[in-house]
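Student: For this one, chain A is given, so just place chain B on it according to the hints.
The listed protein sequences correspond, in order, to chains A and B.
Going by my numbering, the first residue of the first sequence is number 1, and it counts up by one from there.
Going by my numbering, the first residue of the second sequence is number 1, and it counts up by one from there.
Keep in mind that the hints were calculated from the coordinates and are not lab data.
Take every hint as true, because none was put in to throw you off.
One-sided and incomplete, this derived list gives chain B residues near chain A with beta-carbon spacing under 8 Å:
id	residue
1	88
2	124
3	166
Virtual Cβ for every residue (Gly too), placed ideally from N, Cα, C.
Now for the letters of each chain:
Protein chains: 2
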Amino acid sequence: MTDNVSELLSRRACQVEAALREWLADQPDVPLRLGEAIRYSIEAGGKRVRPALALECCALCGGQDRDALPAAAAIECVHTFSLIHDDLPAMDDDDLRRGRPTNHKVFGEAAAILAGDALLTLAFELIVRHAQPSEKACRMALTLARATGRQGMIGGQVLDLLAEGRISGANDATAAAPAGIELVRRIHEQKTARLIAAACRLGGLAADAAEHELAALEAYGLKLGLAFQAVDDLLDVTGTSRALGKTAGKDAAAGKQTLPRIVGVEEAWRIAELQAADAADALAPFGGAAAPLRELARFVVERAS
Amino acid sequence: MTDNVSELLSRRACQVEAALREWLADQPDVPLRLGEAIRYSIEAGGKRVRPALALECCALCGGQDRDALPAAAAIECVHTFSLIHDDLPAMDDDDLRRGRPTNHKVFGEAAAILAGDALLTLAFELIVRHAQPSEKACRMALTLARATGRQGMIGGQVLDLLAEGRISGANDATAAAPAGIELVRRIHEQKTARLIAAACRLGGLAADAAEHELAALEAYGLKLGLAFQAVDDLLDVTGTSRALGKTAGKDAAAGKQTLPRIVGVEEAWRIAELQAADAADALAPFGGAAAPLRELARFVVERAS
Numbered sequence: 001m002t003d004n005v006s007e008l009l010s011r012r013a014c015q016v017e018a019a020l021r022e023w024l025a026d027q028p029d030v031p032l033r034l035g036e037a038i039r040y041s042i043e044a045g046g047k048r049v050r051p052a053l054a055l056e057c058c059a060l061c062g063g064q065d066r067d068a069l070p071a072a073a074a075i076e077c078v079h080t081f082s083l084i085h086d087d088l089p090a091m092d093d094d095d096l097r098r099g100r101p102t103n104h105k106v107f108g109e110a111a112a113i114l115a116g117d118a119l120l121t122l123a124f125e126l127i128v129r130h131a132q133p134s135e136k137a138c139r140m141a142l143t144l145a146r147a148t149g150r151q152g153m154i155g156g157q158v159l160d161l162l163a164e165g166r167i168s169g170a171n172d173a174t175a176a177a178p179a180g181i182e183l184v185r186r187i188h189e190q191k192t193a194r195l196i197a198a199a200c201r202l203g204g205l206a207a208d209a210a211e212h213e214l215a216a217l218e219a220y221g222l223k224l225g226l227a228f229q230a231v232d233d234l235l236d237v238t239g240t241s242r243a244l245g246k247t248a249g250k251d252a253a254a255g256k257q258t259l260p261r262i263v264g265v266e267e268a269w270r271i272a273e274l275q276a277a278d279a280a281d282a283l284a285p286f287g288g289a290a291a292p293l294r295e296l297a298r299f300v301v302e303r304a305s
Numbered sequence: 001m002t003d004n005v006s007e008l009l010s011r012r013a014c015q016v017e018a019a020l021r022e023w024l025a026d027q028p029d030v031p032l033r034l035g036e037a038i039r040y041s042i043e044a045g046g047k048r049v050r051p052a053l054a055l056e057c058c059a060l061c062g063g064q065d066r067d068a069l070p071a072a073a074a075i076e077c078v079h080t081f082s083l084i085h086d087d088l089p090a091m092d093d094d095d096l097r098r099g100r101p102t103n104h105k106v107f108g109e110a111a112a113i114l115a116g117d118a119l120l121t122l123a124f125e126l127i128v129r130h131a132q133p134s135e136k137a138c139r140m141a142l143t144l145a146r147a148t149g150r151q152g153m154i155g156g157q158v159l160d161l162l163a164e165g166r167i168s169g170a171n172d173a174t175a176a177a178p179a180g181i182e183l184v185r186r187i188h189e190q191k192t193a194r195l196i197a198a199a200c201r202l203g204g205l206a207a208d209a210a211e212h213e214l215a216a217l218e219a220y221g222l223k224l225g226l227a228f229q230a231v232d233d234l235l236d237v238t239g240t241s242r243a244l245g246k247t248a249g250k251d252a253a254a255g256k257q258t259l260p261r262i263v264g265v266e267e268a269w270r271i272a273e274l275q276a277a278d279a280a281d282a283l284a285p286f287g288g289a290a291a292p293l294r295e296l297a298r299f300v301v302e303r304a305s
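Chain A extracted, bound-state conformation (with noise of 0.2 Å):
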């Protein structure tokens, strides 16, 4: 990681963390151990890429980091619900996360779902009640909502385990389509990319970004998403569990379609590389104030080759 990136994501990664604390601490009515495993995920860590993204976004086209940081916080929280929901016996079936034991490990199955229900509900609660005025705070909310549902990450995953079988689908087409780039390129965009792409649109929206600038963040969070994707699934094939914090090998025992499976590593290092630098191409718009951004997108691909 370049001192660069490494300064950008700690110092964004402070700031969204502290919004979380308050936001997450305590109140009256919520069960302290719902409490407990809600901030049992969300501090686990991880780099904060994406509440990153919207602040970094909000900043290139003239926000206040405090009109992205309700956005920030709830795509962060949408973020933990995905993986404590993917990492449950019924889905993705982890034990590690982020090198310690996945929430259903530690707090049992039925607190993890409702932890990741909490989470996604608080992820709405905190842009409407946070984000001013009410007009942008709808509008972010819807794109946070698109982002996620069913066109979403959460149709994203039921492609990838329909892909693998684990879910049956025998009225569904794709699930009846031989598995191919096609399919896998699908499943990283909905699974992971426009989620991503949203923290990007969500700064912009925080700024009162022009249409072209909303239209070319996301361009550029769309193809950092499925760089990151590609990586991740080479990852998979050349990292360990403790470099990883998560269950090495897991994909290709689940059987699941990844980008090196079926082009193999090389090709697929290929096309990490090129989506990357697309990324980082969509954003000439914005000139050499990106390059925080650009260099995000290098970082991406660079973290594990």
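Tutor: For chain B alone, coordinates are given in the frame of chain A:
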């Protein structure tokens, strides 16, 4: 059921079901199997009491049906999401719901969890996309989030599972406290009554009701919700699976702390009737115009006595 209440409920059900059909129609990016799983539970029926309350409360405050429809549909999405997740093996482990196999029995656990997640997300999407103007949409989304999240229904489900010992919570004051009428009342309020109160408030918000009207509608909904849950507990003792459309006697089998278990069947009926009467009284500011809502409160208690 009196003819009036019956007519009211079926008319309101038609309206909200038409709206849901439109808003849940297939879209290119939604996996077919996910759409099927979502519609399976949405179309399973039920009396649509919550959306009916939203529409009636809106009408009572002089609003148009179209103003309340997004919120009415949203609250049915949240209710349906909660049924799907509550029925999961890790939670209440129910095989039957409204006389049909539960969602996870048909589509598998993974699809059921994701269909619930998608419905929760869709609830917020419907409000911020269709409710107008933005300021009203934000107030509606916040009302829904508070009633749904960690301090509302989801928190209530955690309390319920803690009381049953199905979530362990050594540090939780609630788990340590002796189960009693106070705990049961708190579980009923958070798990059931707050969402029903939110349905009523959402109707008022749709109609731009005054603060004192919103407060009256919420008080009505809260008492109605408490009566509703008390009767639900009673039906589990006195009803059959067929009448219930779900597995009867589950509460006792699970060792659930229900109202009849703690205060006896007779006293539980008295409490339910008292709460329904309180609900009717809360509508005093609306005078005779609130007659349909008062009848609805009576119906809730009388549906099985």
